[in-house]
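Novice: Take a look at the letters that make up each chain.
Number of protein chains: 2
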Amino acid sequence: MKFYDLSGADNKRFSPFGWRVRMSLAHLDIEEHTEVELVKFSQKDKLKFSGQELVPVIQDKSTIISDSWRIAEYLERNYTNQPTLFSSPTDKANEKFVSSWVDSQIHPLVAKCVVRDILDVIDPNDREYFRRSREARFGMSLEEIVTNRGETRSLLKRTLFPVRKVLELNPFLGGTSASFADYSVFGAMMWARITSSFDILEEHDPITDWRERMLDLYDGLARKETARG
Amino acid sequence: MKFYDLSGADNKRFSPFGWRVRMSLAHLDIEEHTEVELVKFSQKDKLKFSGQELVPVIQDKSTIISDSWRIAEYLERNYTNQPTLFSSPTDKANEKFVSSWVDSQIHPLVAKCVVRDILDVIDPNDREYFRRSREARFGMSLEEIVTNRGETRSLLKRTLFPVRKVLELNPFLGGTSASFADYSVFGAMMWARITSSFDILEEHDPITDWRERMLDLYDGLARKETARG
Chain A
6 MKFYDLSGAD
16 NKRFSPFGWR
26 VRMSLAHLDI
36 EEHTEVELVK
46 FSQKDKLKFS
56 GQELVPVIQD
66 KSTIISDSWR
76 IAEYLERNYT
86 NQPTLFSSPT
96 DKANEKFVSS
106 WVDSQIHPLV
116 AKCVVRDILD
126 VIDPNDREYF
136 RRSREARFGM
146 SLEEIVTNRG
156 ETRSLLKRTL
166 FPVRKVLELN
176 PFLGGTSASF
186 ADYSVFGAMM
196 WARITSSFDI
206 LEEHDPITDW
216 RERMLDLYDG
226 LARKETARG
Chain B
6 MKFYDLSGAD
16 NKRFSPFGWR
26 VRMSLAHLDI
36 EEHTEVELVK
46 FSQKDKLKFS
56 GQELVPVIQD
66 KSTIISDSWR
76 IAEYLERNYT
86 NQPTLFSSPT
96 DKANEKFVSS
106 WVDSQIHPLV
116 AKCVVRDILD
126 VIDPNDREYF
136 RRSREARFGM
146 SLEEIVTNRG
156 ETRSLLKRTL
166 FPVRKVLELN
176 PFLGGTSASF
186 ADYSVFGAMM
196 WARITSSFDI
206 LEEHDPITDW
216 RERMLDLYDG
226 LARKETARG
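Chains as they are written, first to last, in this note's numbering: chain A, 6 to 234; chain B, 6 to 234.
A few of these clues could be false.
Pairs of lysine-lysine residues, derived as BS3-like cross-links and limited to a Cα-Cα distance of at most 25 Å, are as follows [claimed, not checked]: (1) A/K66 to A/K7; (2) A/K170 to B/K162; (3) B/K162 to A/K162; (4) B/K7 to B/K49; (5) B/K170 to A/K170; (6) A/K7 to A/K17; (7) B/K17 to B/K229; (8) A/K162 to B/K170; (9) B/K7 to B/K45; (10) B/K66 to B/K49; (11) A/K51 to A/K66.
Computed beta-carbon distance windows for the label pairs [stated by the list, open to error]: (12) B/N153 to A/V41: 48 to 56 Å; (13) A/E207 to B/F203: 30 to 38 Å; (14) A/S202 to B/A14: 53 to 61 Å; (15) B/K162 to A/R169: 20 to 28 Å; (16) B/F203 to A/K66: 50 to 58 Å.
Quick caveat, the hints were computed from the structure, so don't treat them as lab data. Just so we're clear, the structure is a prediction, and the values are computed from it rather than from any experiment. Ideal Cβ positions, reconstructed from N, Cα and C, are used throughout, including at glycine.
Okay, chain A solo, but in the shape it has when bound (with noise of 0.2 Å):
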């Protein structure tokens, strides 16, 4: 199986999708028979194949998939014998929830934290295309988009309420361990942490003791990759 996830300068991979898939791979202990193939900003047509031009892609032999979502269905349609990143069609409905969720109202806040900061990790081919881009998409120069950024924090620690109300009574967003759920809030704060010194967390907020946890997880998978100090 062959899995194409975005990079960065120096291999870098920080994208919060493909870190939902390869976590997920982890979850189902398949990491290992999986081929990474990094793809930059400016190598797209790499996933041309694909139909699409957003990272994550798998390959499995004859059969061509991308979305974070729709590979975690396909893994676990495949290379499981029972549910395990989805424990019951409702809670396979609520992990849905979970992740829309953080498409929609946490990724926003922290590209409004990080932006600028990625500019320095990608390939230093791919920084006129990414200004050009989210500068437009964002109205406004990366630098700009970024100078209010502990107000934007604030912002994101009051709309992560609900990740802080089910670490109350669980370790995980999954209960007892991870799920796909984890993985996809996860997924935001590895994006954070590969690309800036920024702490999209401020001190003593209890998720970052469930971040801890999730950098812990199958001997430190996460951790491994260099964070930005």
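Chain A is already provided as a structure; the job is to place chain B on it using the hints.
Specialist: For chain B alone, kept in the frame of chain A given last:
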């Protein structure tokens, strides 16, 4: 079992948390075994025995439980032989996520749409208290809070994004059938439906189809309550 629920004038029951419990009781097919005690804002001394002053409260022989989440947990533990509100421990954690998300991100927006209208449906004796306490909370008059509710509804629509994404895949947030996550979001809808003629969903929002399905559940339990048309 006795179920203490909030009441306005003419026994109108509009509490979003009360609706979570009501739908859960119907889900578990025990609504008939429940005696309802209505509590107006000015009758909070009726709840004194529970050691706090918020509805909903359940009294089951010597057991007293407040807080809709803890009530659901209690009902699930004591009135079923198999999981039905929460299909698995992982699912339960995710249902907690959705209900906490409704508490923190949906209720404030619904309140900003209907808080002025609530005044008209509560007992005349409760109106002074209601106005004073809500105006203090929002820092402006009830009339000012709802002035731009068209805009609030647009923000609500964007915030409901994850609900829409799950409903693209399934008829209910719980998948093929309704679960506590559905009742949590639906509680917010009923809160608005009973108290206001302002529709918090825009026309053509696919969530309206789900709302119709929810109104039909359990022999039209929720539809039978008089909406403010």
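Novice: If a hint holds in the structure, say so; if it doesn't, say that too.
Specialist: Each hint, compared with the structure:
| no. | hint | verdict |
| --- | --- | --- |
| 1 | A/K66 to A/K7 | holds (9 Å) |
| 2 | A/K170 to B/K162 | holds (23 Å) |
| 3 | B/K162 to A/K162 | holds (21 Å) |
| 4 | B/K7 to B/K49 | holds (16 Å) |
| 5 | B/K170 to A/K170 | holds (22 Å) |
| 6 | A/K7 to A/K17 | holds (18 Å) |
| 7 | B/K17 to B/K229 | holds (12 Å) |
| 8 | A/K162 to B/K170 | holds (23 Å) |
| 9 | B/K7 to B/K45 | holds (16 Å) |
| 10 | B/K66 to B/K49 | holds (21 Å) |
| 11 | A/K51 to A/K66 | holds (17 Å) |
| 12 | B/N153 to A/V41: 48 to 56 Å | holds (49 Å) |
| 13 | A/E207 to B/F203: 30 to 38 Å | holds (37 Å) |
| 14 | A/S202 to B/A14: 53 to 61 Å | holds (58 Å) |
| 15 | B/K162 to A/R169: 20 to 28 Å | holds (25 Å) |
| 16 | B/F203 to A/K66: 50 to 58 Å | holds (54 Å) |
Taken one by one, the earlier hints all hold for this structure without exception.
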